[in-house]
Amino acid sequence: MSQRSYRRREFLKASAAATLAGTGAFSLARQAFAADPINFFAWSAGVDQVKSHISAFEAKTGLKVAYNNAPWAQYRDTLVTKFVGRAPLDVLWVSDSWLPEWAEAGWLAPIDGYPQLLKYNADVDDFSTQSMMYKGKQYGLTYYTDYMGFFYDEDKLKKAGIGAPPKTWDEVVQQSLKIKKAGLAEYPLMLSMARETWLIEFLSAMVFSHGGRFVDDSGVAVMQDKKRGAHAALSWIVEAVNKHKIVSPACVEIGELNGLKAFTSGNHAFALLGRYRVRTLNDPKQSQIAGRVRQALMPAGPGGSHATVGWNRFYGLTSQAAANKEKAANAVKLIEWFGGKADGKYAFQKLMFMDVGSGFAVKPLFKDAEIIKAYQQYSDIGMYERQQALAKKKDVISPWFGEWDEVNGTAWQAAIVGKSSVDDALRKSADSWNKLRKQG
Amino acid sequence: MSRYDQMSALGLLAPMLVVLLVVAVFPVLYSFWVSLFDLKLTRPHRVPFVWLANYATVFQDPLFWASVWRTTWFTVISVAAIMVIALLAALLLNEEFRGRRFLSAVLLVPWAIPYVANGLMWKWIYDSGYGALNGLLFQLDFIDKYMVWLGDSEKTLALIANAFVWKEVPLATILILVGLKSIPGDLYSAARVDGANVWRRFVHITLPALRPSFMLVLIYEAMMAIRHFDLFFILTEGGPAEASHVLAWEVYVETFRKLSFGTGSALAYIMAILTFLLAFALIRALGKKL
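Those protein sequences? They're chains U and C, same order as listed.
Residue 180 in numbering that gives the first Met the number 0 sits at position 181 of the first sequence, with consecutive numbering throughout.
Residue 87 in numbering that gives the first Met the number 0 sits at position 88 of the second sequence, with consecutive numbering throughout.
Everything labelled a hint here was simulated from the structure, so no lab data went into it.
Certain hints may be false.
[As the list claims (entries may be wrong)] Cut-off 30 Å, straight-line C-alpha distance, at most; resulting in silico cross-link-like pairs (DSS-like, lysine-lysine):
| no. | chain 1 | residue 1 | chain 2 | residue 2 |
| --- | --- | --- | --- | --- |
| 1 | U | K166 | U | K326 |
| 2 | U | K284 | C | K257 |
| 3 | U | K260 | U | K244 |
| 4 | C | K257 | U | K418 |
| 5 | C | K154 | U | K136 |
| 6 | U | K177 | C | K257 |
| 7 | C | K154 | U | K81 |
| 8 | U | K180 | C | K144 |
| 9 | U | K158 | U | K284 |
| 10 | U | K418 | C | K144 |
| 11 | C | K154 | U | K332 |
| 12 | U | K157 | U | K136 |
| 13 | U | K158 | C | K122 |
| 14 | U | K260 | C | K180 |
| 15 | C | K144 | U | K427 |
| 16 | U | K179 | C | K257 |
| 17 | U | K134 | U | K418 |
| 18 | U | K434 | C | K144 |
| 19 | U | K157 | C | K144 |
| 20 | C | K257 | U | K434 |
| 21 | U | K179 | C | K180 |
| 22 | C | K154 | U | K242 |
| 23 | U | K134 | U | K157 |
| 24 | U | K340 | C | K144 |
| 25 | U | K372 | U | K134 |
| 26 | C | K180 | U | K418 |
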């Protein structure tokens with residue numbers, strides 16, 4: 000919808016209101032304004048939970064919410080098209096990966112002017128808040144946060160005579176070879192390296208735990224530098240696949256979901272997966288290794304740490320809503336209701352965690368008795384919190400991330416399948432980054 | 000025809016002409032117009048007019064030429080396989096034997112399956128962990144451990160071509176079968192009287208008579224193969240590395256992943272022109288012999 004038609008609609012409403020006021024029906028005119036709903040768009044996750052929380056919001060505030068959703072796979076394209084077409088959007092779920100792109104395009108508005116939202120930062124994990132920042136401004140409140148976790152099948156380790164999970168990537172190799180030799184798994188480590196949106200999370204986890212980065216603080220590519228961790232991380236993967244044969248060469252065709260299925264079927268001893276998958280891994284209805292899966296800190300590479308990558312999805316405020324004072328005020332109320340506290344509690348984050356296992360960034364929930372009780376049934380909440388504290392935001396998030404991600408994913412795969420050297424792959428990726436950065 | 004008749008005809012055709020202008024001509028012209036701009040949806044405030052720079056960018060990109068080569072390879076292999084298999088199937092179905100009708104119905108099954116369902120089915124078949132292909136070969140003792148199929152960049156394109164051929168053979172068979180049915184029986188009778196054996200009848204009567212069907216199948220399947228996208232999207236997303244990065248995939252990535260509508264439109268135009276040139280060359284080469 001164009002700005003012109005939007006103004007026309009506003010004008011018609013205002014005219015109607017003036018006429019009604021003139022005839023003494025001013026209260027009806029106020030209802031005409033109030034009936035303009037908050038347009039809330041999300042991807043199709045937790046739809047029932049979202050709807051129930053919206054109902055509570057409407058009952059509490061008297062405001063109306065027009066909720067719509069689209070599948071995650073088409074979400075970015077759908078939203079970009081809506082933005083370009085100026086469709087009415089006020090509040091929406093945003094992935095940290097798209098923030099610079101949408102902020103640069105002027106579609107998202109910062110929330111720095113709303114202290115009632117910023118006060119929640121005190122309760123939120125730092126990497127999560129950082130994931131919502133772009134050029135020094137904050138663009139939302141967290142909806143869901145999680146990170147890449149390292150999981151192992153305790154049974155297989157015991158059968159192979161291994162007492163404790165690996166602390167370093169070297170130990171992963173040693174233990175995997177032992178497990179392989181014992182005939183417990185042909186490819187002990189499950190890595191998903193298929194070309195999909197998850198790939199950058201897997202790669203970032205490997206790079207960060209090797210003490211590396213893709214780009215430095217000033218945004219210049221350092222991934223090609225042999226002394227930095229990206230080179231070590233890719234070298235480790237290439238050797239794991241081709242030299243040690245502890246990772247299947249089919250990893251380049253295995254996406255996150257298929258990787259989960261492979262691990263739950265008992266084919267592997269170790270896996271890198273989204274932390275929230277632990278609920279499925281230890282669910283007897285969905286996993287053949289239920290009850291045997293434990294989480295360990297991300298193994299560290301030489302000179303690295305137990306760092307991992309974290310991601311964040313958040314409630315964003317659109318520029319078109321921010322431009323209208325009344326709309327903005329209502330939208331901010333909705334953002335607070337979902338991303339902050341509702342009736343004094345982090346109700347929605349808790350609801351999503353309890354119902355669908357979504358991770359949260361608000362630290363007080365780690366002390367919530369119900370959450371602790373629920374989580375302890377399938378994993379260790381202490382480990383959950385410890386690893387989350389070591390999570391870092393992706394360093395490649397930029398307006399050109401989507402374009403670079405295509406080149407980078409291809410380059411890493413080429414090295415893994417032996418079509419290029421590690422050096423060439425990372426140089427190609429770095430060249431692409433620097434070229435896109437220069438173009439702006 | 001009187002002026003009144005002419006005006007009446009134009010009046011009756013006008014609605015359809017308007018529809019065609021709106022849904023076909025305008026989008027085609029508009030997409031060419033778009034291809035002259037550096038249009039990125041995520042950069043809506045800066046859309047410079049760049050003349051033919053998008054085309055120059057495409058032609059200077061080594062990935063474009065690599066994808067042209069892969070598309071050519073995929074097209075040649077697929078179309079050749081389709082033609083041979085469809086000809087054999089059509090010759091079989093042209094004979095009278097018990098179960099012919101049943102076999103004809105079975106042959107149509109792949110054609111009736113939507114492309115997306117076909118892609119998902121082959122994804123299951125080729126899966127390196129639980130795929131039917133590995134299961135079958137393992138049980139038959141042809142392999143001693145599960146193989147990597149789509150993840151092996153040396154095999155990827157051939158495997159996708161196989162899935163494409165499986166889907167396309169039924170239609171090609173029907174088209175060739177129609178050609179076979181239209182050959183007058185008298186020609187074969189006369190050839191028999193002249194002492195021509197089966198092979199000579201096939202070479203001197205059947206094959207020449209099938210030229211129109213062959214040309215139709217050749218042009219149609221070549222265009223389908225060049226433009227094919229679904230299987231690449233579902234099975235490999237252009238990977239592993241760039242092993243299945245064909246032209247249609249390049250158009251998709253440029254347009255819908257990078258949201259670069261300018262370059263994407265230029266690529267789409269290049270692909271359309273290449274397809275047109277191929278069809279034109281085939282008609283010129285084979286049409287004379289009809």
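Status of each hint after checking the structure:
1. U:K166 / U:K326: violated (51 Å)
2. U:K284 / C:K257: violated (40 Å)
3. U:K260 / U:K244: holds (20 Å)
4. C:K257 / U:K418: holds (24 Å)
5. C:K154 / U:K136: violated (49 Å)
6. U:K177 / C:K257: At roughly 44 Å apart (the allowed maximum being 30 Å), K257 (chain C) and K177 (chain U) break the hint.
7. C:K154 / U:K81: violated (40 Å)
8. U:K180 / C:K144: holds (16 Å)
9. U:K158 / U:K284: holds (24 Å)
10. U:K418 / C:K144: Satisfied, since the Cα-Cα distance of roughly 24 Å is no more than 30 Å.
11. C:K154 / U:K332: violated (55 Å)
12. U:K157 / U:K136: violated (49 Å)
13. U:K158 / C:K122: violated (34 Å)
14. U:K260 / C:K180: The hint is violated at about 51 Å.
15. C:K144 / U:K427: Violated. K144 (chain C) to K427 (chain U) sits at ~35 Å, over the 30 Å cutoff.
16. U:K179 / C:K257: violated (41 Å)
17. U:K134 / U:K418: Roughly 38 Å separates the two Cα atoms, so the pair is violated.
18. U:K434 / C:K144: Roughly 44 Å between the alpha carbons, so the hint for K434 (chain U) and K144 (chain C) is violated.
19. U:K157 / C:K144: Holds, because 26 Å separates the two Cα atoms, which is no more than 30 Å.
20. C:K257 / U:K434: holds (15 Å)
21. U:K179 / C:K180: At roughly 61 Å apart (the allowed maximum being 30 Å), K180 (chain C) and K179 (chain U) break the hint.
22. C:K154 / U:K242: It holds: about 21 Å lies between the C-alpha atoms, which stays within 30 Å.
23. U:K134 / U:K157: violated (49 Å)
24. U:K340 / C:K144: The hint is violated at about 55 Å.
25. U:K372 / U:K134: violated (40 Å)
26. C:K180 / U:K418: Not satisfied, since the Cα-Cα distance of roughly 50 Å exceeds 30 Å.
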